[in-house]
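Student: Now for the letters of each chain:
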Amino acid sequence: MNNPLLILRNFIFYTFIWITFAVIHILFLLNAAGLGFSDAVLDSLVFNVIYLWLGLGLWYPVKYLSIDRNSSFRFAAQHILSAIVSSSLWIGMSLFILFFIFSPDSHLKSFIFQTLAWRILIGIILYVIYTSFYYLYIFYSSYNDKLLKESELRTFAREAELKSLKYQINPHFLFNSLNSISSLTLIDPAKAREMTIKLSEYMRATLSESEKQFHKLSEEIKNLRLYLDIEKVRFGNKFEYVEEFEDSCTGIMIPPMILQPLLENAIKYGVYESLEKVTIKLNCKKENNYLKITVENNYDEDSLSPSGEKIGIRNIKNRLSLIYRQDNLLVVENKRGIFKVNIFIPLGES
Amino acid sequence: MSKISAIIIDDEPLAREIIKAYLKSIPQVEVTSECSNGFEGIKAINEFKPDLIFLDVQMPKISGFEMLELLDELPVVIFTTAYDQYALKAFETNAADYLLKPFSEERLKEAISKASLFLSDKKKNSETISKVFEQMDKQQEFLERVVVKNGPKIHIIPSDKILYIEAQDDYVMLYTTEGRFLKQKTMKFFEDHLNPEEFIRIHRSYLVRISEIKQIELFEKDSYRLQVSGGKFLPVSKSGYSRLKEIFQ
Numbered sequence: 250m251n252n253p254l255l256i257l258r259n260f261i262f263y264t265f266i267w268i269t270f271a272v273i274h275i276l277f278l279l280n281a282a283g284l285g286f287s288d289a290v291l292d293s294l295v296f297n298v299i300y301l302w303l304g305l306g307l308w309y310p311v312k313y314l315s316i317d318r319n320s321s322f323r324f325a326a327q328h329i330l331s332a333i334v335s336s337s338l339w340i341g342m343s344l345f346i347l348f349f350i351f352s353p354d355s356h357l358k359s360f361i362f363q364t365l366a367w368r369i370l371i372g373i374i375l376y377v378i379y380t381s382f383y384y385l386y387i388f389y390s391s392y393n394d395k396l397l398k399e400s401e402l403r404t405f406a407r408e409a410e411l412k413s414l415k416y417q418i419n420p421h422f423l424f425n426s427l428n429s430i431s432s433l434t435l436i437d438p439a440k441a442r443e444m445t446i447k448l449s450e451y452m453r454a455t456l457s458e459s460e461k462q463f464h465k466l467s468e469e470i471k472n473l474r475l476y477l478d479i480e481k482v483r484f485g486n487k488f489e490y491v492e493e494f495e496d497s498c499t500g501i502m503i504p505p506m507i508l509q510p511l512l513e514n515a516i517k518y519g520v521y522e523s524l525e526k527v528t529i530k531l532n533c534k535k536e537n538n539y540l541k542i543t544v545e546n547n548y549d550e551d552s553l554s555p556s557g558e559k560i561g562i563r564n565i566k567n568r569l570s571l572i573y574r575q576d577n578l579l580v581v582e583n584k585r586g587i588f589k590v591n592i593f594i595p596l597g598e599s
Numbered sequence: 011m012s013k014i015s016a017i018i019i020d021d022e023p024l025a026r027e028i029i030k031a032y033l034k035s036i037p038q039v040e041v042t043s044e045c046s047n048g049f050e051g052i053k054a055i056n057e058f059k060p061d062l063i064f065l066d067v068q069m070p071k072i073s074g075f076e077m078l079e080l081l082d083e084l085p086v087v088i089f090t091t092a093y094d095q096y097a098l099k100a101f102e103t104n105a106a107d108y109l110l111k112p113f114s115e116e117r118l119k120e121a122i123s124k125a126s127l128f129l130s131d132k133k134k135n136s137e138t139i140s141k142v143f144e145q146m147d148k149q150q151e152f153l154e155r156v157v158v159k160n161g162p163k164i165h166i167i168p169s170d171k172i173l174y175i176e177a178q179d180d181y182v183m184l185y186t187t188e189g190r191f192l193k194q195k196t197m198k199f200f201e202d203h204l205n206p207e208e209f210i211r212i213h214r215s216y217l218v219r220i221s222e223i224k225q226i227e228l229f230e231k232d233s234y235r236l237q238v239s240g241g242k243f244l245p246v247s248k249s250g251y252s253r254l255k256e257i258f259q
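Those sequence lines, one after another, are chains B and L. Using our numbering, count along the first sequence one by one with no gaps and you end on 599. Using our numbering, count along the second sequence one by one with no gaps and you end on 259.
Check each hint, because a few of them may be wrong.
Stated by the list, open to error - In silico DSS-like pairs for lysine-lysine, Cα to Cα no more than 27 angstroms straight-line:
(1) B/K584 - L/K171
(2) B/K517 - L/K34
(3) L/K148 - B/K526
(4) L/K13 - B/K589
(5) L/K13 - L/K34
(6) L/K148 - B/K517
(7) B/K559 - L/K99
Quick caveat, the hints were computed from the structure, so don't treat them as lab data. Note that this is a predicted model, so its numbers are computed, not measured.
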């Protein structure tokens with residue numbers, strides 16, 4: 250860290266303070282001490298100009314005498330010593346320059362010697378003012394630094410967390426789809442081609458969309474349809490998919506791949522575990538200041554009901570609270586064989 | 011060489027189709043039945059007594075492994091799976107053959123020729139499969155459910171319905187809210203795979219759900235017993251008593 254007073258803008262301001270101080274000094278000597286104009290100017294200029302430079306040097310004792318790293322006794326002793334040294338230096342240099350360069354008259358000489366005690370006192374007061382200012386500056390800027398670092402760290406942690414929660418293609422889904430394609434090449438080549446194209450489109454969208462921070466609800470829905478089309482080939486007529494949404498919702502921006510895991514769960518715990526037909530419903534509407542998205546599916550109550558929260562759902566919940574800095578944006582309802590997940594996207598953000 | 015009878019068990023129709031299509035060029039294997047879940051699988055195996063089954067590991071309701079556990083006599087098994095790290099590890103360490111979906115016709119032929127070795131050596135077959143079970147058990151964390159067979163009926167018991175477990179020779183008796191069921195597994199298995207925060211071993215032969223314990227009392231000199239919600243008394247061993255003391259203190 251460098252002396253803040255040496256920054257040009259600060260130095261101009263600093264000089265200005267000293268000029269003011271010097272003028273007050275002159276006025277005081279003229280009126281209260283009854284000195285002549287030239288004597289008053291000489292006294293003021295020599296003492297004040299020297300302290301202007303000396304004060305800059307006080308940065309070093311402050312910089313190297315840290316409160317944290319020294320015992321309080323040592324700290325106080327060193328500062329008392331440096332207060333005495335700096336004040337003596339100031340007065341000694343001033344006297345030297347005044348007497349040997351300007352050779353003042355006896356009136357000024359005797360005035361200076363009469364006020365020597367006052368000058369030492371002022372020297373010590375100046376020392377205290379300077380060091381306090383420097384310490385405050387150091388404290389404030391390191392405090393700011395710390396705040397900055399902390400907030401950087403927080404952003405970093407948040408990003409890392411978001412990254413770890415990012416949606417990834419389920420390998421089980423991928424390999425089973427490839428197996429279906431492999432099978433279709435033998436029994437229905439046209440369908441195999443169609444499924445290859447859909448799977449590619451789906452994967453391409455998943456790869457590119459999940460890089461974005463937000464995308465339109467309509468994009469998300471488009472991808473869901475692709476996904477469900479592929480699953481339909483695998484599971485035949487074991488499920489149906491129903492969509493209901495207000496047209497005004499489709500343009501709303503939402504975090505990508507936030508619904509995908511819900512559909513996957515519906516397939517995994519609803520369709521997959523059931524021997525009966527399952528209906529998956531997607532509903533999007535505006536409610537109060539939120540976009541409310543509901544995904545629901547019926548499931549076989551005899552099969553092991555989803556105990557606790559599934560990882561996929563917990564990940565979305567965490568993602569939402571990280572993105573919108575608000576909790577409870579995902580609510581699960583599970584009753585009478587219907588599993589329902591409600592997601593609330595705050596409107597007017599993003 | 012006599013014909014090999016086979017059953018395909020997989021919940022995805024297309025996955026069954028490709029096996030059937032490949033098998034067309036292997037005339038010595040004859041598919042006698044196709045099943046889309048484990049229940050159908052058990053029925054078909056008991057009915058047709060196939061030499062060989064193609065078994066998908068992940069299926070609705072009960073998994074391929076759970077289905078095998080319910081069989082009295084094991085056919086030769088070629089496992090099929092899309093992606094299951096645990097199962098793969100179990101297969102690999104025990105040299106059981108498996109097919110990773112999607113697979114080629116050549117790979118299927120290879121699996122069948124390996125399987126024919128097991129066909130003539132039933133003992134080796136069941137040994138290999140039980141080793142796979144053992145490994146799967148080891149890798150498994152907490153049990154979510156237990157599948158049992160009661161006569162012709164199959165029950166899926168979620169672990170949170172188990173009240174207490176009693177050892178009976180090579181079997182254990184599971185006492186649940188819906189009656190009692192015999193399962194061929196060891197006490198040690200349940201002790202290892204039920205959440206220790208929910209279950210406690212009170213005796214060599216008893217594992218009890220902690221929340222079911224109503225009271226613990228001195229029974230005879232130096233021996234204790236406890237009462238479960240249903241009213242029944244179960245014996246408590248010395249080490250069982252010190253475990254109980256630890257959690258109820």
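Student: For each hint, tell me whether it holds in the structure or not.
Tutor: The hints, checked one at a time:
1. B/K584 - L/K171: Status holds; Cα separation ~19 angstroms.
2. B/K517 - L/K34: violated (32 angstroms)
3. L/K148 - B/K526: The hint is violated at about 35 angstroms.
4. L/K13 - B/K589: violated (51 angstroms)
5. L/K13 - L/K34: holds (13 angstroms)
6. L/K148 - B/K517: holds (25 angstroms)
7. B/K559 - L/K99: Roughly 24 angstroms separates the two Cα atoms, so the pair holds.
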